[in-house]
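*Asks:* So the chains spell out like this:
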Amino acid sequence: MDLDSLYQEIILDHYRSPHHAGLRDPFEAEVHHVNPTCGDEVTLRVHLEDTPAGTVVRDVSYDAEGCSISQASASVMADLVIGQDLDVALSKHEAFLTLMQGKGQVEPDEDVLEDGIAFAGVAKFPARVKCALLSWMAFKDAALQVRAQGEPA
Amino acid sequence: MDLDSLYQEIILDHYRSPHHAGLRDPFEAEVHHVNPTCGDEVTLRVHLEDTPAGTVVRDVSYDAEGCSISQASASVMADLVIGQDLDVALSKHEAFLTLMQGKGQVEPDEDVLEDGIAFAGVAKFPARVKCALLSWMAFKDAALQVRAQGEPA
Amino acid sequence: MNGLLPDLDVIRKDFPILERVLDGGHRLVYLDSANTSQKPQVVIDAMVDHLERHNANISRAMHQLGAESTEAFEAARDTVARFLNAPSRDEVIFTKNATEALNLVARTFPLGPGDRVVITEMEHHSNIVPWQLATERSGAELRWFGLTDDGELDLSNIDELLVPGTKVVALTWVSNMLGTINPVAEIARRAHEIGAVVVLDASQAAPQLPVDVQAVDADFVVFTGHKVTGPTGIGVLWGKAELLNALPPFLGGGEMIATVTMEKSTWAPIPSKFEAGTPPITEAIGLGAAIEYISHVGLDAIHAHEQAITGYLLEGLATVGGVRVLGPLDASKRGGAVAFELAGVHPHDIAQLLDSRGIAVRAGHHCAKPAHKRFGVQASTRASSYLYTTPAEIDALIDGLEYTKNYFKV
Amino acid sequence: MNGLLPDLDVIRKDFPILERVLDGGHRLVYLDSANTSQKPQVVIDAMVDHLERHNANISRAMHQLGAESTEAFEAARDTVARFLNAPSRDEVIFTKNATEALNLVARTFPLGPGDRVVITEMEHHSNIVPWQLATERSGAELRWFGLTDDGELDLSNIDELLVPGTKVVALTWVSNMLGTINPVAEIARRAHEIGAVVVLDASQAAPQLPVDVQAVDADFVVFTGHKVTGPTGIGVLWGKAELLNALPPFLGGGEMIATVTMEKSTWAPIPSKFEAGTPPITEAIGLGAAIEYISHVGLDAIHAHEQAITGYLLEGLATVGGVRVLGPLDASKRGGAVAFELAGVHPHDIAQLLDSRGIAVRAGHHCAKPAHKRFGVQASTRASSYLYTTPAEIDALIDGLEYTKNYFKV
Ligand SMILES: Cc1ncc(COP(=O)(O)O)c(C=O)c1O
Ligand SMILES: Cc1ncc(COP(=O)(O)O)c(C=O)c1O
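Residue numbers (numbering that gives the first Met the number 0), protein chains in the order written: chain D, 0 to 152; chain Z, 0 to 152; chain L, 0 to 409; chain R, 0 to 409.
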């Protein structure tokens, strides 16, 4: 039970001072996700913008209640996707999901996940994987809702 | 597993030639009882008569489908209660019930139960107790229904 | 004998109860497997190991025991999903038995006046009563397939039965009384043509046939743990995800919610939505071990074994004067349960006589009263085999029937 | 310490899992018994003996194994009836868990527009959601008792809540989150005055208090097997016979019928009417053994032990800076479950840190979201003891909390 591999300093830093926290305008979709087993909750907004080069994630804002892992994960996620092309952001979601479901066997790519690689240790704690995934799932849900509306701002 | 204590000759005799079988008029109550676990069924009619000395069981007629034990029991029961004062008949029901629920530890009284004492062995076969009781329960039910009507013929 | 499991002796050693000596010194001859199957040591051990070393509540408990328990429980779900060839593990719902699984569908599937539900005359009560209750409640109409004299489904009026407006066709894959194996894929095809969903009761199929929910294109499939060498207290409902997602919840309570306020609650996604309260955890783990066990022996091999034994049983019964078999006489058309009558002796009395020789069979209506009525009998005797049944046990049964005839002088 | 079970060492030896060594070489400190209790060897052995020597389906099977199995199963019903001081054994219905038992009542109890159901804000989701569904379905009204700041029921508006037209008052005997022991007899008296029936959720009471259904004059009482040292997959509904007789059936299928035709069925008397399908046989036998076990130790003695441990736990928590206990601070008013907050550390993180030292507690909403909301918290940490809990384990918890504070620098 290697606690320090779970609670990496980077994670605790994000937990103590989360980035991009709070709910902001404008946004095209807002979702509310809960982890039914433990009650962790996140409300999350996505603001996308269509540009000639593709759809860009202009902002992700959120209000999260939950443990250090879920809070830190929201902070890291926002860092990673804001300003990215939507497809790139979704591929980061994919990479993070793969890491989390890898039972500690997947080697994360720092170029893709940056601070997110600190969550590699979480994958060894099955009960915490859902905490780490909560805000990522909310982001994907919200982004796909906007895409389905077919009307990014 | 003493088969012969279960299948006493008296029981097999009643089974092969049941007494008082068939449904007859007159009657004041008819009931239909089933043993839900095995599907044994009995339709049973009771004809009571009020006399100055009390209520008399004038007739019990029945149509029974079931195993040797349940058929023989109906036959013996009819023998025992027809012509009796209702209270005496019900006390015989009581005595038979006690015998059946006694797990083979109860000594039956031949004066009360006559051929019914042959069922003493059945009490050691828990799965067959219900077979032996089916028609007795139907008799009691029917007799009490008539009594509740308050209008024996 | 062709088709018998090659390692039958070894398999029998897996089942501790088969060593049981009964009253009068008779070794158990267990021919009541369609009622409930016996359990191999590996299933018992899996449950004991869980209880002695890993016991904890699941999902909600995040300590080590909780993680171990959750992992074992969810691994059982994976095992069931593989066993059924289910497209997704989330489509596997654990219930308490097949009966609850059938009630779950019958209670939650939307029905109303003008709708029709079609069942068959050979159903187990657990696939009749829930639909009687559902149609009565909703004002829908209940109809059923009749049976041929051979104990097969009478499909001659299928066009009248399966008409538009039919919402559900619920039938058993293998009859627990007649042994008949039904053409479920063909019926599913016909049902889907008119937009009905198909509910398959695989309680008797899952123990002895490969059950591939995609190959037969079912919409819902249920089976029960205790008949596949698993424990009591657990059953399975499999359903197509889109259908399960659309159904309202069944039981409400812990674990099936997304969020709860005093005023209003919302539901978790499947499978949790249908698993209210603490599930049968140890039982799911036991079921997982059971399915691993029978899968390891192989469902095709078990099926061949059952057909060989059943063929031998039918041959044996044909030698006993006064026996009338209910259901198909061709072993290849049936599962390993054979119900029969013996002229002049009531089934209870047959069962009693056989029991006095250590032979366990079932007597009664086997929870299939309408099928019995169809054949004009009130009760029957049923001998049912499984992967541990030997030809010698069938010989013992046939001897026992001759003894019975002598005893009752018929 | 006063009140501790005298033979605590001996009792601990009865529970094999307490020998378990976890990651990092830590001996298990199991403080999650309100979630599920551990199982004594005698319960495991009773189940194994059944599976290895007596396994058969019940009632319907009339061979020797069937008789043994039926007898053991029905003996468990007798044991439960004695445990609850039920007037009749037929009033004891086996379900799959407490949740199903509560749903059974909520689904079948007749309700309509104008009727009222009253629950409380401290209920487990399993005693909230079924009544939300029932009132929504029937058009009845759902109301509830609030809570005082001390975590007790706020009875100040009882006259407004319990008015004529109230058909059901459903409440927990002991709160699984706040630990509060409710004045159930007094509430039952008030409910009966206005003609309502009282449904008591004894899931947390049955493990640790004498539960006498006649003394409190309840109408329905439920509890769950896995919290009274019994197996998963089994729960109990007790109800007054005349009420159970009047309710329509819940699940339909085998064993709950008197007779079945394709057109119509009739129902068996209680308890069978409510036990459709193959019941959790091995689980009932395990539950019987569990109840014998805790009854042998004695419910009064267990209660005293729980109160002693809980008092010691509350004292210990008071020494940890930043701890806020939710629920009564007086151990004599509560059961052996204490939920608390630790300033600056989320419950999951507390549970994780404790787990790294082998200490198992629960973190989250404990299926009591409304009660958490009432106290303005989203989640809490809960330590819950049982008859095997020692003061040394409480010391380990308190040490663990100090360690947690250090780790997170709060
Ligand atoms: C007070 C209370 N009620 C009901 C339940 C539900 O019990 P089960 O999950 O076994 O159905 C629980 C336990 O989870 C409980 O603590
Ligand atoms: C065909 C069939 N369906 C349903 C059932 C019901 O299974 P359970 O009693 O386990 O719910 C059975 C077995 O009893 C069965 O044979």
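Rather than coming from a laboratory, the hints here were simulated on the basis of the structure. Heads up, some of the hints might be wrong.
If you only want the chain D side, here are some residues facing chain R, beta carbon under 8 Å, derived [what the hints assert, rightly or not]:
1. Leu-5
2. Cys-37
3. Cys-66
4. Gly-101
5. Cys-130
6. Met-136
Once the Cα atoms are required to be at most 25 Å apart in a straight line, the calculated DSS-like pairs of lysine-lysine come out as [said to hold, decoys possible]:
7. D:Lys-102 with D:Lys-129
8. D:Lys-123 with R:Lys-166
9. R:Lys-166 with L:Lys-263
10. R:Lys-166 with D:Lys-129
11. L:Lys-404 with Z:Lys-123
Beta carbons are placed, not taken as given, at the ideal position from N, Cα and C, and that holds for glycine.
*Asks:* None of the hints should be skipped; say for each whether it holds.
*Replies:* Results for each hint:
1. Leu-5: holds, 7 Å
2. Cys-37: holds, 4 Å
3. Cys-66: Because about 4 Å separates Cys-66 (chain D) from the closest Cβ in chain R, which is inside the 8 Å limit, the hint holds.
4. Gly-101: It is violated, given that the least Cβ distance between Gly-101 (chain D) and chain R is near 20 Å, above 8 Å.
5. Cys-130: It holds, given that the least Cβ distance between Cys-130 (chain D) and chain R is near 7 Å, below 8 Å.
6. Met-136: The hint is violated - Met-136 (chain D) has no Cβ within 8 Å of chain R, the shortest such distance being about 17 Å.
7. D:Lys-102 with D:Lys-129: The given pair, whose Cα atoms are some 13 Å apart, holds under the 25 Å limit.
8. D:Lys-123 with R:Lys-166: With Cα atoms ~50 Å apart, Lys-123 (chain D) and Lys-166 (chain R) exceed 25 Å; violated.
9. R:Lys-166 with L:Lys-263: Measuring from Cα to Cα gives roughly 20 Å; hence the hint holds.
10. R:Lys-166 with D:Lys-129: Violated - the C-alpha atoms of Lys-129 (chain D) and Lys-166 (chain R) are around 41 Å apart, more than 25 Å.
11. L:Lys-404 with Z:Lys-123: holds, 23 Å
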